[in-house]
Structures are given as C-alpha cells and as structure tokens.
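There are 2 protein chains.
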Amino acid sequence: MRNKMSLEEAIKICTDLVGLGRESENIPISAARDRVASENVIALNDVPPFDRSKLDGYAVTAGDFEQINAGIAADYKIIGQIAAGSNHNIKLCCGTTARIMTGAPLPEGAHAVIRQEYTVKTGNRVNIMVRPGSETGCESRGSILSKAQEIDLAGSILNERLMELLISAGINSVKVFRRPRVYIISTGSELVMPGQPAAYGHIYNTNFSMLTGKLEREGCEVIQGRGDLNDTLPEIKKEVRKALDSADLVIITGGASEGDFDLVPAALRENGCQILCGELEMRPGRHTTIAVKDNVLIFNLPGNPNGGSILFDVLISPALRKLRGIKDFRRIWFNIGLAGPARCSASLRTFCRGQLIDGLNGPEAVPLQKNLKIEGIAPVILDIPAGKGQQGSVVRALLL
Amino acid sequence: MRNKMSLEEAIKICTDLVGLGRESENIPISAARDRVASENVIALNDVPPFDRSKLDGYAVTAGDFEQINAGIAADYKIIGQIAAGSNHNIKLCCGTTARIMTGAPLPEGAHAVIRQEYTVKTGNRVNIMVRPGSETGCESRGSILSKAQEIDLAGSILNERLMELLISAGINSVKVFRRPRVYIISTGSELVMPGQPAAYGHIYNTNFSMLTGKLEREGCEVIQGRGDLNDTLPEIKKEVRKALDSADLVIITGGASEGDFDLVPAALRENGCQILCGELEMRPGRHTTIAVKDNVLIFNLPGNPNGGSILFDVLISPALRKLRGIKDFRRIWFNIGLAGPARCSASLRTFCRGQLIDGLNGPEAVPLQKNLKIEGIAPVILDIPAGKGQQGSVVRALLL
Numbered sequence: 000m001r002n003k004m005s006l007e008e009a010i011k012i013c014t015d016l017v018g019l020g021r022e023s024e025n026i027p028i029s030a031a032r033d034r035v036a037s038e039n040v041i042a043l044n045d046v047p048p049f050d051r052s053k054l055d056g057y058a059v060t061a062g063d064f065e066q067i068n069a070g071i072a073a074d075y076k077i078i079g080q081i082a083a084g085s086n087h088n089i090k091l092c093c094g095t096t097a098r099i100m101t102g103a104p105l106p107e108g109a110h111a112v113i114r115q116e117y118t119v120k121t122g123n124r125v126n127i128m129v130r131p132g133s134e135t136g137c138e139s140r141g142s143i144l145s146k147a148q149e150i151d152l153a154g155s156i157l158n159e160r161l162m163e164l165l166i167s168a169g170i171n172s173v174k175v176f177r178r179p180r181v182y183i184i185s186t187g188s189e190l191v192m193p194g195q196p197a198a199y200g201h202i203y204n205t206n207f208s209m210l211t212g213k214l215e216r217e218g219c220e221v222i223q224g225r226g227d228l229n230d231t232l233p234e235i236k237k238e239v240r241k242a243l244d245s246a247d248l249v250i251i252t253g254g255a256s257e258g259d260f261d262l263v264p265a266a267l268r269e270n271g272c273q274i275l276c277g278e279l280e281m282r283p284g285r286h287t288t289i290a291v292k293d294n295v296l297i298f299n300l301p302g303n304p305n306g307g308s309i310l311f312d313v314l315i316s317p318a319l320r321k322l323r324g325i326k327d328f329r330r331i332w333f334n335i336g337l338a339g340p341a342r343c344s345a346s347l348r349t350f351c352r353g354q355l356i357d358g359l360n361g362p363e364a365v366p367l368q369k370n371l372k373i374e375g376i377a378p379v380i381l382d383i384p385a386g387k388g389q390q391g392s393v394v395r396a397l398l399l
Numbered sequence: 000m001r002n003k004m005s006l007e008e009a010i011k012i013c014t015d016l017v018g019l020g021r022e023s024e025n026i027p028i029s030a031a032r033d034r035v036a037s038e039n040v041i042a043l044n045d046v047p048p049f050d051r052s053k054l055d056g057y058a059v060t061a062g063d064f065e066q067i068n069a070g071i072a073a074d075y076k077i078i079g080q081i082a083a084g085s086n087h088n089i090k091l092c093c094g095t096t097a098r099i100m101t102g103a104p105l106p107e108g109a110h111a112v113i114r115q116e117y118t119v120k121t122g123n124r125v126n127i128m129v130r131p132g133s134e135t136g137c138e139s140r141g142s143i144l145s146k147a148q149e150i151d152l153a154g155s156i157l158n159e160r161l162m163e164l165l166i167s168a169g170i171n172s173v174k175v176f177r178r179p180r181v182y183i184i185s186t187g188s189e190l191v192m193p194g195q196p197a198a199y200g201h202i203y204n205t206n207f208s209m210l211t212g213k214l215e216r217e218g219c220e221v222i223q224g225r226g227d228l229n230d231t232l233p234e235i236k237k238e239v240r241k242a243l244d245s246a247d248l249v250i251i252t253g254g255a256s257e258g259d260f261d262l263v264p265a266a267l268r269e270n271g272c273q274i275l276c277g278e279l280e281m282r283p284g285r286h287t288t289i290a291v292k293d294n295v296l297i298f299n300l301p302g303n304p305n306g307g308s309i310l311f312d313v314l315i316s317p318a319l320r321k322l323r324g325i326k327d328f329r330r331i332w333f334n335i336g337l338a339g340p341a342r343c344s345a346s347l348r349t350f351c352r353g354q355l356i357d358g359l360n361g362p363e364a365v366p367l368q369k370n371l372k373i374e375g376i377a378p379v380i381l382d383i384p385a386g387k388g389q390q391g392s393v394v395r396a397l398l399l
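Taken in sequence, the protein lines are chains A and B.
Per numbering that gives the first Met the number 0, residue 0 is the first one in the first sequence, and the count goes up by one each step.
Per numbering that gives the first Met the number 0, residue 0 is the first one in the second sequence, and the count goes up by one each step.
For the record, the hints were derived by calculation from the structure and aren't laboratory data.
Note that this is a predicted model, so its numbers are computed, not measured.
Positions of the beta carbon are idealized from the N, C-alpha and C atoms, including for glycine.
All the pointers check out, no bait thrown in.
Chain A stretches covered by chain B per the calculated footprint, using a threshold of three residues with CB under 8 Å from any CB of chain B:
(1) 45 to 55
(2) 71 to 85
(3) 159 to 165
(4) 186 to 192
(5) 197 to 209
(6) 349 to 358
Hey, can you work out the whole structure from these sequences and the hints?
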C-alpha cells in the first residue's frame, strides 16, 4: 500500500525529521554572505562608536538648544570646525557653536546640531533662524548596539543588512552552519548526459541542470551522482547506497511512477530506508516518494523537470532551509486572484508557476503553464484547488 | 544650480544612456546560468526527438483508439514491451497493442497510449475498460521545438527553465553578454576598512559589503576601488579618473551632500563628467548625483548604507539590468496596502523596505524602517507618497 498524504503533511514530516543545521565552522565575514549563522555574536564596539552628527550644521549646548526652541534669538560664536573623521578637542559652552559635518564626532558639551539651512553665518558668528523642534540631529554612541551586547544572530541568513551590522560592530569572523551536502541522481534508461551523442529513443538529462541551479541558490553543496542511470535494480541500489554514505539529503528523479521499470522505491527499501510517503495528493508530483535512513531524507521526484522543479520549491525547499539552520525556514504564502485561467485537475490540487502583474487592487497572478522563458520573472507558485482554475478565483501563492 | 528630478526621470535618463549589453562571449551551457543571452540560438534537434508516450500503459492504433472511444469493447493482443530508452522495431496493426512506459518511443502504427489503470491484463492479452476521450497520452516529435527552429533568446536571463530547453535542443554553448564591470568607491575621512583598527571619530566602511553583495547578485563584476578615501579633492579626482578608465559603471558613496567636504560632484566635473542630476525628489537619496562620461554612468549615493541600498534597488538596478543586456530590464511595481504605519516625509516621497504578510484579500506590506534582521524576507521596496504613511494607505511596491 502506498502511504498517501497532503503536501502539508509531507512538509511537516520532513521538517520535523531534519535537524536545524549540521556542524558549524568559523569563517571570515567577507565570505559569510548568504550563509546561516549558527551562534549569536557579541558586539566588539559601540555602534555608532561615538556621539555623532546626523547633519551638516552647527552644534550647540543643551541650554542654548532650549533657548533656540523657546524662540530666543541669538548669535553664536563659531569656535571651531569638525569634519567627519577628525579627532578634535573642541569644548562648547553657552553661546558658542562649532561648525560640524555629517558623521563627525560631537564636541564636548554639545547636545544638538542645527541644520545649516536654518542658519546664517556672518564672519565667525552664526545666527539661528528656525526653531528646530525636538529633533536633535545627533546620534548617541551605542544607540544601535552597545559594546558587549549579544546580537541575536543564530539561525539567520547573513544578508547585506546583517553583514553591515556585524562590520559596524567590529566583528571579523562568524560561526555558520556548513552547507548541506545534497546528492542528486537521475534514473531512466532513456537519459544521456548533455554533450554526449543521443541515440534514437534517448533524451538529454535536464534535471541535473535544474536541480544544481536550485540547490546552489539554496546555499547547498551539490554532489552530482549518476545522471544516466539505467532502470535496473542493482545499479539503482548501488548508487543509492553511495548517496546515503556521502550526503545529508538525496534527490532522485525518475523511476517513481507505477511502470514496470519504476524501481527506486524498491532500491530504497532494500537499502534499509523507511518509506514515509508513497503518493502526494497534488499535481504535479502525485508519484513522489519520500524516505528516510538515519537522518538522511530521500526525495524521489517525477522525471519531468517541470514537475520536479515545482516539488523542489514547495516540498524540498522548506526541509533544505531547516537543514541549512534557518530558524524561520517557512516561506510566505498569501491569497491572490488569478488574472487568467489555469488548466487544473478536477480532482486534485494543481500547482503551477505564476507571474505577478499590477492589478487594480494589488498584485494578481497569471498562471504560466507553457511559457518557459518568463520564469525569471515568475516569482510565485500557485496552489489551485481542484476545479478552481477560473479567472478571478482566489488561490494561495508562494513567493519564491 | 542643482538639477532636480523625480526618480522616474532619473531612471529614464540612465536607462536611455546605457547600452543594451556590452561585448558578447561564447561560453559552455554549464557555466551559463544567470548570464544574459546576446543572440538567438538554433535548435540542433527536435524536442522531443521522437514520438513518445506520456504514460505507463498500452499503445494502440488510430483505428482501435476510435473503436475504444466509441465504446466497442475488445481484447488486444500484446505483441511487445517498450521501456524508455529502448530502440525497438515493434509495429502495431489493428487488434494488437504494446505495453509501453513513460518516455518510451511509440511503436510504428501507434496513435495513442491507454493508461494502465484503465486496463486489465490476462496472459498476453489486455482488455480496455474505459473510454479515454480525446487525450492520446502521447507527445509528438518536435511538438516543443523543431530542429533548426530559432529560439528567441537574445536579451533573456538564462534561468533554469531556459537552460532545460537549450539542453533538450542539443545546445552545448551559448553567446552571452560579458558581465558589466562596476567600480565602487567610498569617500569619507571617517572611514576605515573592516579588519583595520578604528581610531576615535572613525567608523567601518559597510558600503563595500552592501554594494558588492548587491552587484554580485545582479551578475556584475565588482572592482573594489578605495573604500577609505579622504575628503580631499585631488585624491577623489584621481580615484574617479581610475574608475572611469576601468569600468562600465561607477558607484561612489559619500561626499554627495552639501557639507564643506562634499567634493564628489566637483571631482566629477573636473574629470569631464556631465552632471545629469544633482538632486532627487525623494527620501532617502535627496543628495544623489548622477553623471555621465562617454557611456559610463556615475552614481554618487549618500554615505548612509540604508539610503544607498534603497537607491541601488530603485535607481541603479534598472540601468544595470539594461547594461547586462536584459531586454525586459524594468522590474514589477504594484499597488499594496500598508499593514502598519510608515514614518514618512510630509513633503517628499519616502522609500523604505517592506515585508509581505498574508492579508485577508491578498498580500499586505509591513514597512520596515528599523529591523535590520528581517531583510532576507523583506522582498519589497515601498514608495510612500508624502504624508501618506498611515496604516491602510495603498502605495506602490517594487518586488525585488
């Protein structure tokens, strides 16, 4: 008996089984982009590291700032000029000011910086004409991060903004999870690797290109196994054993259906794998097998790369994201209206790619079931309930 | 006088000036992912290369298929078995059938394949129980692409799906535009490169990390110039000259404001650059300078990496995409409701990052103005009209 389940059940089983990240390693910050932090880090300096001006203008004391805001006009004596990067020993007192640039350290005694557009300078004096209000135009030392503060980083992808924060805090290396190792196999006696001659009855393996691309985007290390494996049980068994010995996760395309040469589930069983799911209640991907041995998940996808690519995005990606160590491994699904009809099954949920367009009341989705070219700007997968592919239907969409 | 313009005017000027792609080069298909094709290609074989079965089942002739659909029951004699990848010489005639697997070449005389679930096999005969309807279960040779057919590829990003099509068509190499060379410079006497000791008044350069990340994602070759350039005109002039000599596009952070040490526009002018725009009517990025020399565009962004990062996404990215050779270089903007309030200027459009959430009637956007961590899943830039930052406002969003 095939163990049939919904996509949601399959995602839950896979993400429950897979650990949150594998071993971790220490790498320089310059190599850390898109890696997943395995530990929190400690700020090595205050951010910003000193009280600084956010404007080009004139620094004043707290008392003078109060006077200015009370509307009491006065001229201030300019006692110095402070450029960004300068280490000065200017000290303000009541009635004095210093010319100061954006990013420059505040002089001692300064409480606020008045925007230069609000001032008129005459010789070495400046007149302030506008009440600046409560905004001081300054940024305090440590207002973004304090030295020795713990930065909640574990389980986060190191995107550009987090990298910026770490660099600002003086951090030069970071602990990250190692990349998951994913072994890929394609079975099918009709397959030939690209670049080889293809005899009658044979086609080129396109799954390796698709899977390698998607896995590299997901931050994985790809191990390309056999891409032209014949449909014979001993060959498949041997290749599966090799995969189980060397990878954190295995993806096998082809051989998953009910034909006489669909031998992958048998090869998995004979290698001691436990079959978790033998059929998914969705199209494409009905004939998908999910198995596990120790803590290695094995996905056996349909041989058709269109189906395989959608299953990768909706089913394998959450498990891979958790395996990478990403704490928020779930992706965003939302409601969206169909801007055109989708071919869909009358009895099963159908998943297909979609393009977003600018509708009157927000984005709408155009189902893409044929156009290969547009996928680069087809950022969603649509989940269309059985028989609900009409234009105007509201369906669920996954933002890739 | 500063030449003030809207974001849309600036984008138009930049994308009009920049050419659609630079020189092209021939590369193997295995290295082509995310590159931009510079020419159309010709299919070297039919896709699929032979008439094939889409199912596991039984092949029948056109006459028998008509009989079956007319409800005339009969037993068919099984005269052979065809696995995927096999080169056989089976020939069907009326009353005979062949067992056939998904992806296998059709036998001579076959018109349709009946799904095995619709049949009962007894010995070497099979009984077909269901009228399959018009669906033949077959895919004709060349139905996706014909041999010698031109594939409209020029100006497309080679995504996984296009790569699949090219591999299927027997193509092993492709002409692509070379990656744009982008020279980056950061000015500001307060800047220190990461890993160096930072004296009082100094901060780490975080713009290089941000820009390098974004440029690499955009398929560019990054040339890191000086990241700690002092605010002196001769030094800036020299570095700008070097950049103009070696790059297709130049990005300079800092020195763009109206402070006493904001010398970049002067350095550009003295290098013979024409200033196209001296001020953008938006926040952040009001103090942005855009210049050109020959066909090299120069962007002078604010020193604050938050502002610089948004300007990169909304302003520089379209120009870079066209420079890469992408025909559809414009990105998708759409309407979206704000799920929370955004701090915004009362007099200027404000741009900020947004996170998408699953609202009742489709996605809604949460403005992110402080949270650095969430950007990995903050896929939009919001364009908030002056004073319209209230929760519920409908604004424009750019999907990154």
